[in-house]
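Q: Based on the provided sequences and hints, a complete structural model is requested.
Residue numbers (the working numbering), protein chains in the order written: chain A, 1 to 331; chain B, 1001 to 1291; chain C, 2001 to 2343.
I should point out that these hints are in silico values taken from the structure, not numbers from a laboratory. Just so you know, these numbers come straight off a predicted model, no measurement behind them. Some hints here could point you the wrong way.
Partial list, computed: chain A residues near chain B (C-beta under 10 Å) [stated by the list, open to error]:
#1 13
#2 16
#3 17
#4 144
#5 145
#6 179
#7 181
#8 183
#9 259
#10 263
#11 264
#12 268
#13 279
#14 282
#15 283
#16 300
Covered stretches of chain A, as calculated for chain B (at least 3 residues, CB under 8 Å) [unchecked claim]:
#17 134 to 141
#18 146 to 160
#19 285 to 293
All C-beta atoms, glycine included, are put in the ideal place defined by N, C-alpha and C.
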Amino acid sequence: MRALIHRIGQGFVVIAIVATATFVLIRLAPGDPFAGALENAHLTPALRAQWRAAYGLDGNIGTQYVRWIWALLHGDLGWSVSANQPVARVIAAALPNTLWLMGIALLLSFGIGMSLGALQAARRNRATDHVIGAVTLFGAALPDFWLALVVLLTGAYWFRVFPVGLASDPLLPVAASLGTVLRDRLAHLALPVLTLLILIAAPVARQQRAALLDRLGSDWIRTATAKGVGPWTVFRRHAWRTALGPVVTLGGLALPALVGGSVFIERVFAWPGMGALAATAISTRDYHLVVGCVLVGSVMVVAGSIVADVLSQLLDPRAMQIESDVSRITS
Amino acid sequence: MTSIALASGDWRVIAQRLRTDRRSLLAGAVLAAMIALVLLGPLLSPYRPYEQLDITHLVHAPPSAEHLLGTDSYSRDVLSRVLSGGRVSLAVATSAVLIEVLVGVLWGLASGLAGRGIDTLMMRIVDAGLSVPRVLLLLALLAAMPSVPVWLLVLVLGLTGWFGTARLVRGEVRTIRGADYVLAARALGATPARLALRHLLPHALGPVLVASTLAVGQVIVLEAGLSWLGIGVQPPQPSWGNIIGDGYEFIASAPWVSLGPGFCLVLVVLAVSALGDGLRDALAPRQLPRT
Amino acid sequence: MTDTRTPMSDPLLSLRDVRVTFRTADGLITPVDGVSFDIARGETLALVGESGCGKSLTALTILRLIDAPGRIEPGSRILFDGRDVLTLGDKELRGIRGKQAAMIFQEPMTALNPVYSAGEQIAEVVRTHADGSRSAAWDRAVAMLGAVGIPSPEIRAKQFPHQLSGGMRQRVMIAMALVMNPSLLIADEPTTALDVTIQAQLLDLLREAQQARGASMLLITHDLGVVAESAQRVAVMYAGQIVEEAPVTTLFAAPQHPYTQGLMAAMPRAGTRRQRLTTIPGTVPPPGAWPTGCRFADRCAYAWSRCTTEAPPLHQLGDGRSSRCHLVTEPERRVAQIAGAMA
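A: Here's what the structure looks like:
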């Protein structure tokens, strides 16, 4: 319990550093959302100052920072220039779509990846193992946005099985039946989920296989066999169960890449989530929205890795040992 | 933590292991071929990469004998652009990784040698860096800049990627710091800097080499992704990423514009990651079965 | 290899010409090369030798625990309670493992599963072999922990291996082995990983538990001191073969094989004046690098030309003694060697 509180405290420190660094970096960089507008000769200096004040861009950096952190603590992420709405509201609208997409993708990927890895370990050095190994090696090395493009091209353009983008059909009648809505939702989910599935399941399978082989070689497997426990129970209870920790930890470690990759994947599929929002915010130079996205993304990652840490500690009483195992497998 | 001890003589053993590993050989050959191809690009490429050949008749021409990878929406020859863009992509990635390694190794060494308080602070910063999705950080940085010349892109890529290396090096240093020979060197009055260079760094070299090989693959993909979003390498200068980006708008009607450079990208990334894996195996061969 | 021994009447365990091979990059090696011995009911046989001599592998063959690429060669025979272990079906074999014959491993840290509590790991044996509820199995595990001398067993049962001391972990291992009241205990260096004081306690515990249950024990060790206290008979292994076998008192009184003599000379004795311990020069040759003649020849003080060309058979000396040495047929050499050393 104390470890958990400590871990959460650590998370807050990390987020504070992230918040400060992001803010400072962006403020120090040249560029100004009003640079273009301010060249408009019709704008009087008084009007400019009024605009800046309205968007919280007046005063020196120190003042702006303190004001911003203060607002942040009150859940105020600032005003989005491009959406003409509070940043918090813009993000709140996009976040569920991302969580929905990622939740489904993570669940499926871990299910499939862990099964593949377990199958490989059970059939190690046989054809099944080699084939899955080659496929997952390939899958783990594919560039995310490129894979998204190819999936989009094949699924939506060449075979025309799935819709091209968005989370739902905007032309769907409001009175459509639940079945139609559900089918529409699933059709829109299919391609982005498939992309994430390939990207995540591959490393999960590799980690699952490595962790299982490590566990299968351990002395307690022999002890269990010597106790008269059957081979399937030995595999499930003594190898698979003890290999869960490293696999879950990998999930935590993979989160930053996943959240980052969602920028590209959501953009390719025009999925109205956080990733696509970040991409749009960039192109419109929407300061507060960019910072808001980075911050919320980091909070997601930090929270996710705390969950992964706690889970893997629950799964294995020797947390220290797990950490060294993971570094051995992943480094 | 696997700490891989390397004496200078071991490099021959590692090279030998790499030479006998078929996957590493193949990956190395593919990589060498791609590098040769993009380096010789200006000699090989049939057209100039910026030249709009015939804006009325040659827009989005499918692959043919004259245009092996077809032409794009400005009637430019895609193959010529891919060859030229490859130079940019590979150069950006390798230079960025060099910066990553330099900063990461220095930070890791400093943190590993420093006292408890400073070490904790430095590692907290690394934790923070590792927990921010790098893509988001890059988006934030790059978008804030009015224009991004290639050198700045390299710098930004390098400065957002060193956290992992720093942690790796710091871990190795901490592991080895207590080793007898290091203690002996300390007792003999070796300065911290000398200690780091002569005794600690060589041990961290192997894992750093593996990590940075794999990092080259990651950065190629990152650069491509950023350029595809329009905030990386700026057109008309081609890079694999922005060529794919050019083609994305027309992906349904002219998929070859994106597929050609995408294929090169995938090939190089796969080769680099296979080589990194091979290198890791060569540095720490799998344990022999117990007897 | 023919076995000329006189068979024991109705032994609990009987190994005949057991061979284990491993396929390696350098070819086939045979780390266990024709081992035979019997263990009577209620008896303790100590299997002694340096590390690498094949004694642990021999122990693993009894419950068929050799992992690939290792293999028990056809022609080997292992009879346990009248049944041929090597031809048993998987299910029958599992019925023996942990129930009729149980193993105690050397490293209690790695031999116990880190993610299950001590109690669960003992209860697992009960649940595997006996009907009954989970809670009944748990109660039996807790009782067993108490029986092996663990204080407040209800609390300890819920703890994980990493929360227990080395000695306590080995007590858990022993509890796991004893919980089904097996007729054979196979203890593979059960105290090697522990402190000396705890070693003695655990050996006492093992001996008492074994005697109380009338079980037999195969005790594997490299420590002759352990042998003297715990075993009735001793088999000495060297380079994959048994080189000498004898009742424990006879062995200590008059070791026959030069290797056994070397082991005894290397043993520190309590109560004697501090004198320099002799060591046997050299090391056990690895399997695959065994000489053609006697495998001990290159380390043996008596070795002569015959030893490097002709492999000695295991000579039966009567009274359950045997020695794999040419000195049995040329005893005058022993005297000559000693005389030579004196001169």
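Q: All hints are to be evaluated individually against the structure, with a verdict given for each.
A: Here is how each hint holds up against the structure:
1. 13: holds (6 Å)
2. 16: holds (8 Å)
3. 17: holds (4 Å)
4. 144: Nearest chain B Cβ about 7 Å off; hint holds.
5. 145: holds (5 Å)
6. 179: Where the cut-off is 10 Å and the nearest Cβ of chain B is about 29 Å from residue 179(A), the hint is violated.
7. 181: This hint is violated: residue 181(A) lies away from chain B, its Cβ roughly 27 Å from the closest one there, beyond 10 Å.
8. 183: Since chain B brings no Cβ nearer than about 24 Å to residue 183(A), farther than 10 Å, the hint is violated.
9. 259: holds (4 Å)
10. 263: holds (5 Å)
11. 264: Since chain B brings a Cβ to about 5 Å from residue 264(A), closer than 10 Å, the hint holds.
12. 268: holds (8 Å)
13. 279: Where the cut-off is 10 Å and the nearest Cβ of chain B is about 6 Å from residue 279(A), the hint holds.
14. 282: Status holds, d = 4 Å.
15. 283: holds (7 Å)
16. 300: holds (9 Å)
17. 134 to 141: holds (count 4)
18. 146 to 160: With 6 residues close enough to chain B, the hint holds.
19. 285 to 293: Holds: 5 residues of the segment 285 to 293 of chain A have a Cβ under 8 Å from chain B.
Hints 6, 7, 8 from the earlier list are contradicted by this structure; the remaining hints agree with it.
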